[in-house]
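> Sequence:
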Amino acid sequence: MPDSFDPASATIVVVTYNRSHLLTGLLESIIRMDPKPGHVVVVDNASADDTTEVVESFRPRLGTELVYRRLDENTGGSGGFSEGMRIAHEIGSEWIWLMDDDVEVLPDGLARMGVWTPRFKSIQGRRYDYDGSEFYWQYRIAPTLAIPIPFAPAGFDASGYREMNSGCFEGMFIHRDIVTKIGLPDPRFFIYWDDQTYGWLASRQTTSVIVNEFVLRRTRELKQWDMGVRHLNASSNAYRYYIMRNRGIIKHYLRAHGAYRPVRFATGSALTLVKELIRLVAVEHTVRGTSNLWRGLRDGWKIGADRSWAIMTPLSEHPADA
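Here the UniProt record's numbering is used: the first residue of the sequence shown is 1, the next is one more, and so on.
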């Protein structure tokens with residue numbers, strides 16, 4: 001780990017909702033970390049289980065400073081990560097490491113990420129899947145289509161990294177300078193497309209990379225259709241709705257950054273719809289749930305047509321004690 005990287009300058013931000021059993025595993029893994037981050041921020045999306053008690057039970061033994069923020073309502077992963085990043089930025093964190101509650105951090109995960117900090121400011125590590133296999137994440141998108149590129153190479157050369165133009169909040173490791181420039185994640189996504197959009201914005205400010213370092217392990221098993229290196233996970237009615245609805249939000253970000261191409265974007269929407277129909281049949285073996293896709297398309301069109309809608313703004317840099 002380079003001398004220029006201070007582990008205490010990093011903050012892990014965790015978003016959780018009614019999954020205290022999974023959160024317990026993640027917090028236990030943070031105890032085993034060496035080195036540890038300076039802070040851990042847990043954002044609770046108004047859980048109805050024993051999440052508060054679980055978090056407080058870790059406070060005396062986590063080995064680092066714990067900040068717990070319980071929201072008044074469920075704001076989705078998007079709202080949780082936006083709030084968590086706001087807290088991390090305000091307390092002066094130099095590096096912010098985002099993750100869901102259904103992963104564990106490998107003991108040397110922070111050290112492995114720290115190796116890359118002298119060169120890059122937007123970094124994605126790798127993770128093992130529930131069964132211990134290497135999880136493949138689609139790290140590149142076609143911006144004008146606003147869809148992931150499913151055939152982006154999975155392997156790494158001797159450099160140990162690949163440039164990316166996307167992001168994933170299950171492991172995004174980002175410098176405060178980039179957060180300041182592009183602002184907080186947009187909570188209006190609620191779920192889905194938020195991290196991909198945020199990663200794209202980051203890649204427009206700096207060279208973003210996925211590095212050949214395994215730093216996380218998924219702890220929740222998902223039903224999926226295995227296609228070799230690639231796979232399709234099972235989803236939910238909420239997922240089906242937001243994956244289509246949130247394309248209306250993406251349209252505004254593309255417009256604001258001069259990357260909106262109507263025909264290509266419509267093609268991307270059509271491809272997304274087809275993919276979700278395939279997911280229903282191939283993974284969940286049903287055709288029920290299509291109404292959520294159509295509702296999402298309808299509401300997304302309304303959002304995209306609303307010219308009063310504004311994207312998130314950059315943050316003002318200020319001291320942590322301001």
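Check each hint, because a few of them may be wrong.
Once the Cα atoms are required to be at most 16 Å apart in a straight line, the calculated EDC-like pairs of lysine to aspartate or glutamate come out as [as the list claims (entries may be wrong)]:
{"id": "1", "residue 1": "K36", "residue 2": "D72"}
{"id": "2", "residue 1": "K36", "residue 2": "E94"}
{"id": "3", "residue 1": "K181", "residue 2": "D108"}
{"id": "4", "residue 1": "K36", "residue 2": "D108"}
{"id": "5", "residue 1": "K36", "residue 2": "E73"}
{"id": "6", "residue 1": "K181", "residue 2": "E65"}
Hints are computed from structural coordinates only; laboratory data are not their basis.
> May I ask which of the numbered hints given earlier this structure violates, with the numbers listed in increasing order?
1, 3, 5 and 6
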